[in-house]
Structure formats: structure tokens, C-alpha cells
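Protein chains in written order, with our numbering: chain D, 25 to 581; chain C, 111 to 214.
Just so you know, the hints here were simulated from the structure itself, not pulled from any lab data.
Incorrect hints may have been included.
The calculated lysine to any residue pairs, modelled on SDA-like cross-linking and capped at a C-alpha distance of 20 Å, are [claimed, not checked]: (1) K126(D) x S191(C); (2) K195(C) x Q77(D); (3) K126(D) x A178(C); (4) K66(D) x F175(C); (5) K126(D) x S128(C); (6) K195(C) x A537(D); (7) K506(D) x L192(C); (8) K126(D) x A205(C); (9) K352(D) x E338(D); (10) K195(C) x V504(D); (11) K66(D) x D129(D); (12) K126(D) x S199(C); (13) K506(D) x I172(C); (14) K195(C) x V509(D); (15) K195(C) x D538(D); (16) K506(D) x A178(C); (17) K195(C) x A451(D); (18) K126(D) x I172(C); (19) K126(D) x F169(C); (20) K126(D) x G200(C); (21) K126(D) x A168(C).
According to the in silico footprint, chain D covers these stretches of chain C (three or more CB under 8 Å from chain D) [what the hints assert, rightly or not]: (22) 127 to 141; (23) 153 to 163; (24) 168 to 181.
Here the structure is a predicted model, which is why all the values come from computation and not from measurement.
Cβ atoms here follow ideal geometry from the backbone N, Cα and C, with glycine treated the same way.
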Amino acid sequence: MPDTHFYRYDEYDRTLVAERVDQFRDQVRRRLAGELTEEQFKPLRLTNGLYLQLHAYMLRIAIPYGTLSSRQLRKLAEISRKYDRGYGHFTTRQNLQLNWIKLEDAPDALAALAEVDMHALQTSGNCIRNVTADHFAGAAADEIEDPRIWAEIVRQWSTLHPEFTFLPRKFKIAITGSPNDRAAVRVHDIGLRLWRNAAGEVGFEVIVGGGLGRTPMIGKTLRAFLPKNELLAYLEATLRVYNRYGRRDNLYKARIKILVHEVGVEKMRADVEAEYAEIRDGLLGLSDETVEAIARQFAPPHLPPRSSLVAAVEALRLEDRDFALWLKSNVAPHRVGGHAIVTASLKPAGAPPGDASAVQMEGMADIADAFSHGELRVSHEQNLIFPHVAIEDLPAVYAALGRLGFAEANVGKITDIIACPGLDYCALANARSIPVAQRISNHFADLARQHDIGDLKIKISGCINACGHHHVGHIGILGVDKNGVELYQLSLGGDVDFGKTALGTILGPAVTADKVVEAVDALVATYLDARIPGERFVDTHRRIGAQPFKERVYALV
Amino acid sequence: MAKNLSGDLQVASANRLSDGVVVWLNDAGEWTTRLDLAAVAREGRAGEILLQRARAEAFSVIDPFLVAVIEEEGGVIEPLSLREKIRASGLTFDAIAAEAVRYA
Chain D
25 MPDTHFYRYD EYDRTLVAER VDQFRDQVRR RLAGELTEEQ FKPLRLTNGL
75 YLQLHAYMLR IAIPYGTLSS RQLRKLAEIS RKYDRGYGHF TTRQNLQLNW
125 IKLEDAPDAL AALAEVDMHA LQTSGNCIRN VTADHFAGAA ADEIEDPRIW
175 AEIVRQWSTL HPEFTFLPRK FKIAITGSPN DRAAVRVHDI GLRLWRNAAG
225 EVGFEVIVGG GLGRTPMIGK TLRAFLPKNE LLAYLEATLR VYNRYGRRDN
275 LYKARIKILV HEVGVEKMRA DVEAEYAEIR DGLLGLSDET VEAIARQFAP
325 PHLPPRSSLV AAVEALRLED RDFALWLKSN VAPHRVGGHA IVTASLKPAG
375 APPGDASAVQ MEGMADIADA FSHGELRVSH EQNLIFPHVA IEDLPAVYAA
425 LGRLGFAEAN VGKITDIIAC PGLDYCALAN ARSIPVAQRI SNHFADLARQ
475 HDIGDLKIKI SGCINACGHH HVGHIGILGV DKNGVELYQL SLGGDVDFGK
525 TALGTILGPA VTADKVVEAV DALVATYLDA RIPGERFVDT HRRIGAQPFK
575 ERVYALV
Chain C
111 MAKNLSGDLQ VASANRLSDG VVVWLNDAGE WTTRLDLAAV AREGRAGEIL
161 LQRARAEAFS VIDPFLVAVI EEEGGVIEPL SLREKIRASG LTFDAIAAEA
211 VRYA
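Please construct the entire structure, taking both the sequences and the accompanying hints into account.
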């Protein structure tokens, strides 16, 4: 089995996770024996990632910074088969959710996770959640530094941090190491962007107060350039200010984005810098040795440069149209010549977005072992990535993915839809998301048409909590409940590309479920009629405004 | 939480503690996975009594609550809200089948 090229638990991590499994096993035993009430037990199960949804318990498993080994993915498949219904749902926070876990099995599932250095801690509750990162990290051609090194440092700092276990509200951190943001850093509580200043030094832009949900906001720059080794002290100062001043009187106003909005970023900055001045010379300073020790664990696999032009690949490109389209949409440049990053689309036509069966997970683990040094990534767009594939292996990877049903050439296209679980699973949802995504996916299934339409991101949420990121969809779709009827509110113009991060604006009155596909079709037709060469859907919308889209949609529905 | 849809008929529902499965209280005061066997409260006061009884029998379930239902021809009970219809009948799409894809 290939060695991993990312952080492996040390004895401290293993002991911590094992102790938590034992604690939870005892807590479950006491709950089932009636020694704990649900009121007493609920915070304990949530701390361990166990939610109660409409039909069953759901276990949310953390996949730190979206990085997985083939061994871990096989274990997830095994757990889903043994303790669930043989499939899982990859989420917009790079987690995996198992939707049918029994309470009595949950401790065994957690113990199985611990065997492969995984857990479900801090996937719920008002704490610092799983830190997310660019899913092309460590492989991207445009990367300045691997953000996972810093994500791991943040993970270690934030895990069971005693001061930040009961924040006013949950707290999400995302990190990118590339100028082309793939981690949506401006819509997180804290977004961190590695960049190189004029002096050639690499540091962080610290962005604060972004978020989606019922009050979407784009984050503001708290510190334009933070030396890397000061990261933890600065995060600690920021969290302390939030912990002190964040609102606890109103659940809907408790996120840091509301605090930043209410006091203004200047005041926030002044408070954070004052706190930072107090602690910057304390224990949280990161020595070069500490950082290097973590960085060594993320040392990339040995990839000898190869030719990027491979005769067999070029031949197949000419004879197989779908392969040619797949190369365009699902294969991205790698930092090492002759290699590529491959995205396996978990969005085959008409399938629930982000779902994979145990067999499919095992198949992808096999592909990772054979062609990607045993590594995979989960994207916040609910796809899986093979980060290190030799270009000469692309035909074999494409064929293997085809056998799994995950070779759809649609990444970034109209059927690469983000959708939350919606009312089919979720206790918070007002409307269904997955069936809407399925209908849109089936309607636009033709690959040539998708590629003609070009890059177009549809994001669907089943309620205002916006797990489906609808605010930043080129086309956002929000399910609402009006007098017991599902309606869908359309918004246009959202985006998360760095420098262009924008929140969509509502097009007009919500449409009924049976009109959603027709409405999306009308939006696409408006774009196709109006676009000029090279324009994406969102560019055309920016240029011509919402009115032409609005007129066409509401003439139909 | 069910929406406040008007409905004179109510049943008591909850999720089973051991596995989260949706259950309803029957006339014998037991929790059943069959909605058609649920005890039906036919007026407001009966609903309150049904809920009290459900809470008294809550050892093996989580947070009992009342669900507004209608009675169709033939006595078939159907929840009024979409959320409760989905709780009663399951996913409204075909979940991915665990072994549907064979990796060769």
C-alpha cells in the first residue's frame, strides 16, 4: 500500500481519539439504559458528530482539509456497508455523512474510524469545525504553498481547545494557497489566503466575517499580510474577541459575521490587534522547526517530470468525444510536468449529488492506489479528486471511473450541481433539494450541450441555512415552504472566484417545484442568446443585468 | 417540527431511540413503525391526552410530538405536511444502491 503524503496521527492524537470513543461508548450505554435523558445526551452525541434527522441518526465524519488516503476511503466504505445502508454523502464542508446509523452502532463506527486516524469530533456544536482547504492542495500548478500544512496546524490547535468549545456559534475556517481560490475563503468565518508580498515573503491575508446562511456576507480583510509563524496567536486573538463580544442572546445573530457587521471591521481589527499584542510573544508562536516537522509529513510524492504529450492520450482524444470533453472539464494542470489532477464527478446524470456507494468508494480507492499515489481529496463542490495522475494514465483512469459511473465530463458545468440533503433527510429543511437537482441534471444531461453552455454553477439549498451555498451559485436555488407547498426562489450572479466573490440577487417571485427546470432552461436560453464569445453565464449576467433573464423566466412560469 | 397546519385529526410520533426510525403511538400505548396502526386523536382535547400518553411512554423514543393528519376514504391516515409525509414514507427519490455498481 502506498505511504501517505499527509499528516499521520501521533500517539497523542491516537490516545485522544481512542479516549473519546470509549467515553462515547459509555455515554451511549447510559442513554440506552435510561440513565441519561435526551436533554442530557443530545450535546454529547452532537459533540461526536451524531445528529438526529427525519428518518434516522446521521453521523458526520470529519475529513480534515478534504484529504483522504485510499486506506481511509476503504474504511469509510466498510463502515457505510457494515453500519449504514452502503452509501455516503460527501458534503460542501469536505465531510462525509452517513444517513442511517443506529445509535447502538455509533461507538463501533467511531472505533472503526479511529483505526484509520479519523473521527467525527467537532463536526457539530459551537466550536471550530473541520478546517477546509483547496482540494487541489499540494498538486495545483498555481499553488504558492500547500495550505494543508497550516490547516493541520490549525486542526491541532483547535481540537478540544478549552477556550473555544462553547463559542457563541459554530466557526468555520477555510485556507487556500493559490491565487485562484477554490476554497471559498471569503464566505467563511475566517478565510486564510496565502500570498507572496512585494518582498517575496509568503504570509496570510486574514479575512473575517464571511458566511452564507440566513444573513449572507462577504468576508472583510482583517489583516492584509500576516507572517505565517504568527498564525495561531492571531487566530487565538480573533477567536477571543469573538468569544467575548459575539452575541449569545440571539441564535440568528451569533455568528462572527454579525459582530463584524455591527461593530465594523475597523473596530474589530483594533480589538483583535490589541488582544494580539498581549499574546503574540506567548506560547502560540510557531517555531520554524515545528512548522517544518508538520510540513515534512506533507512532502509530496516523488513525481518524475514526464512528457505532457502522450500519443495514446492524443489518439483517444480524437476518437472519443466524451473523453475529449472529460479532459477539458475534469482534468486540471499539475505543478509537475506530465501529471494532472483528475476530478471524479459524483454527479452522474440524474444521481443524488455527492453520493457514493461503498462499492464506488472502494473502486475509487483502487484507482487512487493504482494511479494517484494512494491519495484522494474531497471538494466542497461534492466531488472526489485524484491529485497526482500521470498524463499517460488518464485513459486508464477515465475507463476505471466509467465503470464506477463517475466519469461524467461535467465538472464546473450545469449538471455539476451542489445540493444539500434537503427535506428528504434534514430536520431543518423546508423543501427538497436532491429531486430538484436530479431533474435539472436529467434535463441537461447531454454532454455536448453542457460544454456549449460552458461553466455554470447551480447551487441548491433546502432552507435558509444555505448548506447548498445557493447565495454563491451562478444560479442559486433556495427551497422555501409557503403554506405547506414547496416553492423555489431563484437568484443570479453569485460567485466565489477570488476577487469576484459575489452574492446572488433574487430574480423575482419563487416558482413551483414543477417549474424549476423550465425556469433554469429559460435562464440558460437567455444567456445563450445574449452571450458574446468567451463569456460565462455569470459574465453575461453581469454585463446585461437581471432584467432579460427575469422577463424570459416569468413569461414562462 | 411540524408546521401549524390545521387538521382536526392528530397522531403522536417520535423517533426511536435505538436507531432513530420514525414511530407512532398505537392504541395500546406502544410505538409502532406503521402509521396505519397509530392511535388517532379526533378532537383537540384528545390530542392533548395523546401527547401526554406519548410522553409517558417516551423511554424508548425521542421527543414525541403531535402530527396533523387527514383520514382518507377507507380510513387511510395521511400526514398533512410534506415533512411528515416524507417522515412517514421515506425518501422521495431512489437512494444510490449499495451494490448497484460493480467495479470490474
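Checked hints:
1. K126(D) x S191(C): Not OK: K126(D) and S191(C) at ~26 Å, beyond 20 Å, violated.
2. K195(C) x Q77(D): Distance of about 14 Å is within 20 Å: holds.
3. K126(D) x A178(C): Measuring from Cα to Cα gives roughly 27 Å; hence the hint is violated.
4. K66(D) x F175(C): Measuring from Cα to Cα gives roughly 17 Å; hence the hint holds.
5. K126(D) x S128(C): holds (6 Å)
6. K195(C) x A537(D): With a Cα-Cα distance of about 17 Å, the restraint between K195(C) and A537(D) holds, given a limit of 20 Å.
7. K506(D) x L192(C): Holds: K506(D) and L192(C) sit about 11 Å apart, inside 20 Å.
8. K126(D) x A205(C): holds (18 Å)
9. K352(D) x E338(D): holds (13 Å)
10. K195(C) x V504(D): holds (17 Å)
11. K66(D) x D129(D): Since the Cα atoms of K66(D) and D129(D) sit roughly 16 Å apart, the hinted pair holds (cutoff 20 Å).
12. K126(D) x S199(C): holds (19 Å)
13. K506(D) x I172(C): Violated - the C-alpha atoms of I172(C) and K506(D) are around 28 Å apart, more than 20 Å.
14. K195(C) x V509(D): holds (12 Å)
15. K195(C) x D538(D): holds (18 Å)
16. K506(D) x A178(C): With a Cα-Cα distance of about 17 Å, the restraint between K506(D) and A178(C) holds, given a limit of 20 Å.
17. K195(C) x A451(D): holds (13 Å)
18. K126(D) x I172(C): holds (14 Å)
19. K126(D) x F169(C): holds (17 Å)
20. K126(D) x G200(C): holds (17 Å)
21. K126(D) x A168(C): Distance ~18 Å between K126(D) and A168(C) Cα, so the pair holds.
22. 127 to 141: With 6 residues close enough to chain D, the hint holds.
23. 153 to 163: Violated: only 0 residues of the region 153 to 163 of chain C have a Cβ under 8 Å from chain D.
24. 168 to 181: holds (count 3)
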